[in-house]
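Undergrad: Two chains, two separate frames, one set of hints: put the complex together.
Sequence order for the protein chains is A and B.
Here the numbering used here is used: the first residue of the first sequence is 1, the next is one more, and so on.
Here the numbering used here is used: the first residue of the second sequence is 1, the next is one more, and so on.
Keep in mind that the hints were calculated from the coordinates and are not lab data.
Fair warning: there could be bad hints in the mix.
[Stated by the list, open to error] Among chain B residues calculated to face chain A with C-beta under 8 Å, some are: (1) P40; (2) L44; (3) L46; (4) K49; (5) F90; (6) G102.
Please read all numbers here as calculations on a predicted model, not as lab measurements.
Beta carbons: idealized from backbone N, C-alpha and C, even for Gly.
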Amino acid sequence: EAQVTQNPRYLITVTGKKLTVTCSQNMNHEYMSWYRQDPGLGLRQIYYSMNVEVTDKGDVPEGYKVSRKEKRNFPLILESPSPNQTSLYFCASSLEAAGANVLTFGAGSRLTVL
Amino acid sequence: AQSVTQPDIHITVSEGASLELRCNYSYGATPYLFWYVQSPGQGLQLLLKYFSGDTLVQGIKGFEAEFKRSQSSFNLRKPSVHWSDAAEYFCAVYSWGKLQFGAGTQVVVTP
Chain A
1 EAQVTQNPRY LITVTGKKLT VTCSQNMNHE YMSWYRQDPG LGLRQIYYSM
51 NVEVTDKGDV PEGYKVSRKE KRNFPLILES PSPNQTSLYF CASSLEAAGA
101 NVLTFGAGSR LTVL
Chain B
1 AQSVTQPDIH ITVSEGASLE LRCNYSYGAT PYLFWYVQSP GQGLQLLLKY
51 FSGDTLVQGI KGFEAEFKRS QSSFNLRKPS VHWSDAAEYF CAVYSWGKLQ
101 FGAGTQVVVT P
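Bound conformation, chain B alone (with noise of 0.2 Å):
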């Protein structure tokens, strides 16, 4: 069956240290792959997006994600994190007309 796995349920990380949000899927080709952001009370905000072409993918706010077909992951990156960047975290991937979330990684941002 078809599937997204975000393994951490929840990430506390210090303001100013890097950041890394994994994501596993398992599906027949190669899907399309997304991460939204959800930061308290809002809708989900698009953070970047991965088709084709090069597998290191620039999003906003200073994200990026690899997209690794050997292991089926689109792990998502910060080099430094800003207290801001506190929120919950979705991988998405579109395959066959159905998109489908995991189940999202709450990040914690300390002082």
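In isolation and in its complexed conformation, chain A is listed as follows (with noise of 0.2 Å):
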């Protein structure tokens, strides 16, 4: 089944401690991206990744960063978390390197920094 599947879905930590949420997809898709989603907020892209090795900072890149070793894996880092990351992380993949293609959204991950 074509898929993103994120993990972990659900993760409480303390602030201060690294974390990092995996994602991966199995489309072949050359295009990745992280959102953040808020309420009140809609969704917030934090990094996207045109191609492997090829990364660029969203509209709220603070606090996070990302890498793209390979194709399928987009990992997403919380060197130092803090509580205003407290937040539903989704990960989303398409075709091309543009957004006009659809995107293809993981379930999400829910995330409580203490």
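TA: Below is the structure:
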């Protein structure tokens, strides 16, 4: 089944403890992206990747890192999480390196930072 | 600045009634337009998209949307709502390499 898989789906952590949210897609998509969803703000883009080894900042990149060492994986790294990073995170991918293509979303990862 | 506005944060509609969700955008050129739906605890699913051509677009689950260039709008409609349509709906706009989402409209369906 074609899908975007995120892990973990739920995580509670403490301030400053590094964590990684993994994202993997099995559709050979070029483009991948991370969003965070907060009430009243919709989805805001954190980082995106046009292709392997190519990443760029979205609207809210502060406090996050990403890497794209292989096409299928696009992990989101929080080096030192803070409470304001408590949010619902979505990974998404699309066939080509342009948002005009339809995005396929993962099921989301709910992160709580205490 | 580029923006996507969904004026209605929350809409309550009776089952069987019609539904219209508003979306307005502010972009320099005609962008590509999308509507996504998010059911509780789920990721986002594409309902429909508009790139060019016929301004009335048909999507899945009986939804349609109309692009009106003069009003910079892309409103979503459904003639008769089902209880399973209760969800959050997001309008999204792609332009110049960037996909931007509106804040979302929560739809509640009452019996």
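Undergrad: All the hints need checking, so say for each whether the structure fits it.
TA: So, going through the hints one by one against the coordinates:
1. P40: violated, 11 Å
2. L44: holds, 4 Å
3. L46: Hint on B:L46: holds, closest Cβ of chain A at ~5 Å, below 8 Å.
4. K49: Holds. Min distance 7 Å.
5. F90: holds, 6 Å
6. G102: holds, 5 Å
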